[in-house]
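Peer 1: Sequence:
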Amino acid sequence: MMAFKPWNACSSNEVAVQNRMEVRIESLIEGARRATGTVVIVDVFRAFTTTAVAFARGADRIVIVPEVEEALRLRSEGVGKVCVGEVNGIKPEGFDFGNSPHELMQADLQGKVVILSTRAGTVGVAAATGATEVYAGSFVVADATARMVRRAAPAEVTIVAMGWNAAVRTDEDEQCALYLRNLMQGRRPEREAVRALVLASGEVAKFHDPAQPHFHPEDLEIALEIDKYDFAVRIFKEGEYLVARRHG
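So in this note's numbering, spot 219 of the sequence shown is number 705, and the numbers just go up one at a time.
Note that these hints are calculated values from the structure, not bench results.
Errors might be hidden in some of the hints.
[To be verified] Below, in silico cross-link-like pairs of lysine-lysine (BS3-like), each with a Cα-Cα straight-line distance of 27 Å or less:
1. 598 / 723
2. 577 / 598
3. 714 / 598
4. 577 / 714
5. 723 / 577
6. 567 / 577
7. 598 / 567
8. 714 / 692
9. 692 / 577
10. 567 / 723
Can you build the whole structure from these sequences, using the hints too?
Peer 2: Dropping the structure here:
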């Protein structure tokens, strides 16, 4: 059974906010299309863990696009300096980095604009057209994301677990969605219990498969550093682009 720790004492106002918020969980591309209210798009392996690391490494902002060709075009036009992403887990030709938090851990991104294209998280953000505001969700920014949402006190929150290629449910994204919902509703599951559930899932094997070297074992460890960063990642529509910014 999942163990829970109580929050530090909440004010009566905070409890009222938690009780007032409707928080529901959806999955995959269909879930992103159905999402309304404040929307958290979850992609743990690896897009929105990679995004958080990019901000920790000093990125100014991240332009999110669903297609590889668009990312390369935007870089050539000077919209951004660095292309990060994947197709079927593999770095596309011409990209600077794969969709890997490990690869970005030593990257010099200070003040740079990153262009991100992946097959799940970025596609989910583009599909969430019914959202009033959007956050990029992962374990490493979960507590900060929940805190920002609680502070804004929206009436409706949708958390979308994007899974593999936005088409197949995966335990890490579903567990992260549940973890976020618990935090938003005033409960704190044991982090090690959550980690154990994810580590027992089928998606973990690829990070130890010599035939898939693009899935670095370090990516797995970084992605499961629950609540590592004290900022959230919020996504805005800025002109014709979807742009992620460090929030908080």
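Peer 1: Return the numbers of the hints above that this structure violates; sort them in rising order.
Peer 2: none
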